[in-house]
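Engineer: Here are the chains, one letter per residue:
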Amino acid sequence: GAVVSQHPSRVICKSGTSVKIECRSLDFQATTMFWYRQFPKQSLMLMATSNEGSKATYEQGVEKDKFLINHASLTLSTLTVTSAHPEDSSFYICSARDLRQGESYEQYFGPGTRLTVT
Amino acid sequence: TQLLEQSPQFLSIQEGENLTVYCNSSSVFSSLQWYRQEPGEGPVLLVTVVTGGEVKKLKRLTFQFGDARKDSSLHITAAQPGDTGLYLCAGVGSGTYKYIFGTGTRLKVLA
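The listed protein sequences derive, respectively, from chains A and B. Using our numbering, read the first sequence as starting at 1 and increasing by one per residue. Using our numbering, read the second sequence as starting at 1001 and increasing by one per residue.
Bound conformation, chain A alone (with noise of 0.2 Å):
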């Protein structure tokens, strides 16, 4: 149980074009879900955090209208990157709680999405 997935797993795309990825929770519904950006050799660094209905509260230093985040259901959000260029190049990774965990703090990892842009 607690499968989460991530759609594309690499992404290539030119710069000033937009790219979207989608987070999906696949055997459990997730009224919160998070968005990751990691580096090559470094740590996570928390984006967003996405809950469903409505709008995503973002870190500090992160740029809302540049990275789009729509939790539609219980089971999809959506990262979308707009007008990429190369420096947006990264690892992006979704997270999920479940529902019914109640007060338990674990978080599920979708499995990430290389985006590359050229």
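Hints are computed from structural coordinates only; laboratory data are not their basis. Using N, Cα and C, we set each Cβ at its ideal position, and we do this for glycine too. One or more of the hints may lead you astray.
Calculated Cβ distances over 10 Å to all of chain B for the following chain A residues [to be verified]: (1) HIS7; (2) PRO8; (3) GLN29; (4) THR32; (5) GLY53; (6) LEU68; (7) THR82; (8) SER83; (9) SER95; (10) LEU99.
Chain A stretches covered by chain B per the calculated footprint, using a threshold of three residues with CB under 8 Å from any CB of chain B [as the list claims (entries may be wrong)]: (11) 38-52; (12) 108-116.
Starting from the known structure of chain A, fit chain B onto it as the hints suggest.
Structural biologist: For chain B alone, coordinates are given in the frame of chain A:
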């Protein structure tokens, strides 16, 4: 700003050796999680510790949460090549479900 420092950053050991990874902060956490991540994949949860002084064992891995809930350690006994990966601790502050990830420890176990 809450920070989680892990040490060592890198560790290369021979199969069969023991090792300990530390995760330290000046802040108190409601809980602390340990994850292992392999290249090109998402982190996989190993354990959650919640109570100060708590010790949990997972086969050859032993996790401890500090009494003051500011630090944690991961001890691996008789390391195997399959233990190779990036080990990450993640703390949760009070009143939130957000993670603060540690700086990471990259472990390589040589056969």
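Engineer: Look at each hint and say if it fits the structure.
Structural biologist: Hint check:
no., hint, verdict
1, HIS7, "13 Å, holds"
2, PRO8, "13 Å, holds"
3, GLN29, "15 Å, holds"
4, THR32, "6 Å, violated"
5, GLY53, "17 Å, holds"
6, LEU68, "20 Å, holds"
7, THR82, "24 Å, holds"
8, SER83, "26 Å, holds"
9, SER95, "8 Å, violated"
10, LEU99, "12 Å, holds"
11, 38-52, "holds (count 7)"
12, 108-116, "holds (count 6)"
Checked against the numbered hints above, the structure violates hints 4 and 9; every other hint is satisfied.
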